[in-house]
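> In case you want the letters, here they are:
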Amino acid sequence: MTGQLEATFRRRFPAGPVVEADLRIPVDTFHVTVLFGPSGAGKSTLLRVLAGLERPESGTIRFGDETWCDTGRGIWLPPQQRDIGLMFQEYALFPHLSVAENVAFGIARLPAPERQSRLEEALKSFDLTDLRDRYPHQVSGGQQQRIALARTLIRRPRLLLLDEPLSALDGPLRNELQGELRRYLVRHQVPVLLVTHDPTEAANLGDDVAVMDQGTIRQRGPLPEVFQSPCGVEVARIVGMDTILPGTVVDRRDGRVTVDTAGVRWTVAAADEREMSRNVHLCFRAEDVRVRKETATRDDAENAHVGRIERISSDGPMTRIEIRSSVTLSALLTKGAVRELSVAVGDNVRFDVPAAVIRPIDRME
Amino acid sequence: MDLTAIGLTLQLATATTVILAAVGLPLAYWLAMTPWRGKFLVEAVVALPLVLPPTVVGFYVLMATGPYSPVGSAYEAATGQRLAFSFPGILVGSLLCNLPFTVRPFLAAFQSLNRRLVEAAWCLGESGWRTFWRVALPLSWPGILGGLVLTFAHTVGEFGVVLMVGGNIPGVTRTLSNAIYDDVEALDYASAGRTSLLLLVFAIGMLSLAQKLGQRRMPA
Chain A
1 MTGQLEATFR
11 RRFPAGPVVE
21 ADLRIPVDTF
31 HVTVLFGPSG
41 AGKSTLLRVL
51 AGLERPESGT
61 IRFGDETWCD
71 TGRGIWLPPQ
81 QRDIGLMFQE
91 YALFPHLSVA
101 ENVAFGIARL
111 PAPERQSRLE
121 EALKSFDLTD
131 LRDRYPHQVS
141 GGQQQRIALA
151 RTLIRRPRLL
161 LLDEPLSALD
171 GPLRNELQGE
181 LRRYLVRHQV
191 PVLLVTHDPT
201 EAANLGDDVA
211 VMDQGTIRQR
221 GPLPEVFQSP
231 CGVEVARIVG
241 MDTILPGTVV
251 DRRDGRVTVD
261 TAGVRWTVAA
271 ADEREMSRNV
281 HLCFRAEDVR
291 VRKETATRDD
301 AENAHVGRIE
311 RISSDGPMTR
321 IEIRSSVTLS
331 ALLTKGAVRE
341 LSVAVGDNVR
351 FDVPAAVIRP
361 IDRME
Chain B
366 MDLTAIGLTL
376 QLATATTVIL
386 AAVGLPLAYW
396 LAMTPWRGKF
406 LVEAVVALPL
416 VLPPTVVGFY
426 VLMATGPYSP
436 VGSAYEAATG
446 QRLAFSFPGI
456 LVGSLLCNLP
466 FTVRPFLAAF
476 QSLNRRLVEA
486 AWCLGESGWR
496 TFWRVALPLS
506 WPGILGGLVL
516 TFAHTVGEFG
526 VVLMVGGNIP
536 GVTRTLSNAI
546 YDDVEALDYA
556 SAGRTSLLLL
566 VFAIGMLSLA
576 QKLGQRRMPA
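So the sequences go chain by chain: A and B. For the first sequence, my numbering gives the first residue as 1, with consecutive numbering after it. For the second sequence, my numbering gives the first residue as 366, with consecutive numbering after it.
Think of the hints as simulated: they come from the structure by calculation, not from any bench. Using N, Cα and C, we set each Cβ at its ideal position, and we do this for glycine too. Hints may contain errors.
Claimed, not checked - Below, a sample of chain B positions facing chain A; criterion: calculated Cβ distance under 7 Å:
hint: 1; residue: R481
hint: 2; residue: L482
hint: 3; residue: C488
hint: 4; residue: L489
hint: 5; residue: G490
hint: 6; residue: L504
hint: 7; residue: P507
hint: 8; residue: E550
hint: 9; residue: Y554
hint: 10; residue: G558
To be verified - Subject to a maximum C-alpha distance of 25 Å in a straight line, what follows is the list of computed DMTMM-like cross-link-like pairs (lysine to aspartate or glutamate):
hint: 11; chain 1: A; residue 1: K335; chain 2: A; residue 2: E322
hint: 12; chain 1: B; residue 1: K404; chain 2: A; residue 2: E54
hint: 13; chain 1: B; residue 1: K404; chain 2: A; residue 2: E57
With the hints as extra help, turn the sequences into a complete structure.
Here's what the structure looks like:
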């Protein structure tokens with residue numbers, strides 16, 4: 001086996017985007033690829049096509065040297081013959097079967113002694129031994145997830161597809177279980193393709209990421225690289241670059257480029273300042289913006305400007321502040337930092353953004 | 366009361382229910398699962414006996430089962446017996462008339478089944494047939510039992526098609542509802558009243574059972 005899943009296909013829907021997937025993921029080593037994008041981007045559809053539950057209109061899917069789908073040659077392998085695992089968003093546990101029966105569902109045709117030993121091993125590995133005689137509606141959400149994971153992995157699939165594995169859980173539990181899920185995946189050494197729209201989930205679970213938007217994969221690569229250096233404005237927005245400003249390069253020297261955005265000047269770090277095109281978008285994250293009182297003593301902070309607070313809103317555990325000078329940008333501060341600042345809407349503040357965190361993206365015009 | 370007619374009626378209802386269960390379960394499951402766009406045609410044909418007068422169904426069955434029709438003559442050649450005006454003949458009519466009373470409750474039961482569960486079974490390597498046995502059937506049984514009860518009850522009350530295809534031969538094709546008709550014709554209102562009351566009580570009992578089964582839900 002050459003160890004790669006290669007999928008190139010097209011699937012149209014009466015409502016929603018045309019899904020045009022072009023995906024390559026390694027399947028011979030443990031590796032978590034995250035399929036990341038806003039809801040409605042076609043991520044779940046892609047997963048369903050890979051699982052064999054949905055047929056593409058045209059395209060091919062190859063797993064190693066097997067062909068799962070080739071619309072040109074009329075080849076289509078049903079889910080039963082793909083030998084991979086899919087865990088649904090809501091887990092889809094069988095309500096009429098006990099926890100043990102759910103876990104052993106997919107190995108019913110193994111000889112009894114092997115079935116029994118695999119079941120015991122799986123129950124133990126997923127801490128389900130005490131729950132074995134309960135029914136799915138009698139256990140917690142986190143436990144349901146473990147049952148669903150155990151039920152899929154007991155078959156030793158060659159690839160595990162996870163559709164929003166944590167979205168059925170409540171907020172605090174979700175964060176807590178990210179680490180646990182990753183540990184289970186590492187322990188089973190199964191290659192994973194995981195769908196999520198949550199950036200923290202993507203960052204905590206994934207090795208590689210493929211960013212999907214409106215049915216198409218826009219960028220893929222190692223996760224930190226894609227999240228830090230999005231290839232285009234759409235991807236920048238999806239990976240959480242809150243502020244995106246169109247600007248023009250006005251000066252280049254010594255690995256630094258000066259960009260003008262509607263009168264505000266920014267210094268940006270560039271590996272090769274001559275390579276950057278004249279028209280760019282500057283992108284940065286709200287958490288990278290530092291905010292101080294207007295009266296704060298001037299220091300040599302890079303890209304320091306003054307602006308007026310337009311809006312203050314709560315964003316989970318943080319507070320989001322929208323600041324307007326001649327451009328508008330947003331900053332993300334802890335509640336404590338906001339209290340210390342003691343500012344209100346209408347006040348002027350001093351803000352700065354380190355040159356290193358500003359990501360310039362070429363602007364086609 | 367006509368005990369022979371009761372026996373015959375129960376025999377007809379049981380045979381109809383058993384055969385329709387065997388035909389209706391796969392048909393309804395297929396209708397619930399297939400992505401085929403033309404399935405509404407099949408659903409329409411299945412529902413046809415609901416709106417067609419039983420006498421119309423009976424007429425066509427009579428034509429089809431007569432000794433000069435291909436079906437009737439083939440049956441006669443194979444068994445040496447006539448299909449029209451016989452028990453197998455009214456069974457054929459009864460099967461056709463009752464098809465919607467079986468398939469539609471089955472279909473409703475399968476349609477309310479969470480499709481993800483079926484897909485989960487497929488992804489766990491189970492074939493369509495085994496998924497049906499291990500997931501669809503155990504989760505849909507209240508609706509399926511309801512459909513069987515309805516079929517049984519409706520066959521017991523079947524009149525038009527039986528009269529058309531079977532005539533009214535005591536011990537062969539004379540069912541309870543036909544017996545009522547005979548009694549009224551013979552001005553024996555007392556006997557007709559007893560049989561009618563029996564059928565009324567039976568129908569109320571069966572419908573209550575079907576209703577109760579329809580409400581029953583598995584824990585989600």
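> Compare the structure with each hint and give your call.
Verification of the supplied hints:
Interface restraint check: R481 (chain B) against chain A, minimum CB-CB distance 4 Å, threshold 7 Å, status holds. Given hint, L482 (chain B) at the interface with chain A, holds; its Cβ is 5 Å from that chain's nearest Cβ, closer than 7 Å. At a threshold of 7 Å, the smallest CB-CB gap from C488 (chain B) to chain A is about 5 Å, leaving the interface hint in force. Annotation: L489 (chain B) was flagged as interfacial toward chain A, and the flag holds, the nearest CB pair being 3 Å apart, inside 7 Å.
For G490 (chain B), the interface hint holds, the least distance from its beta-carbon to any beta-carbon of chain A being 5 Å, beneath 7 Å. Using the Cβ-Cβ criterion of 7 Å, the hint placing L504 (chain B) at the interface with chain A is satisfied: the shortest such distance is roughly 6 Å. Of the supplied interface hints, the one on P507 (chain B) is violated, with its beta-carbon coming no nearer than about 12 Å to a beta-carbon of chain A, more than 7 Å. For E550 (chain B), the interface hint is violated, the least distance from its beta-carbon to any beta-carbon of chain A being 52 Å, above 7 Å.
With a least beta-carbon distance of about 51 Å to chain A, the hint placing Y554 (chain B) at the interface is violated under the 7 Å criterion. Below 7 Å, beta-carbon pairs count as interface contacts, and G558 (chain B) has none with chain A, the closest being about 46 Å; its hint is therefore violated. For the proposed pair K335 (chain A) and E322 (chain A), the alpha carbon gap of about 15 Å is at most 25 Å, so the pair holds. For the proposed pair K404 (chain B) and E54 (chain A), the alpha carbon gap of about 19 Å is at most 25 Å, so the pair holds.
Distance check on the hinted pair: K404 (chain B) and E57 (chain A) sit about 21 Å apart at the alpha-carbon level, within 25 Å; holds.
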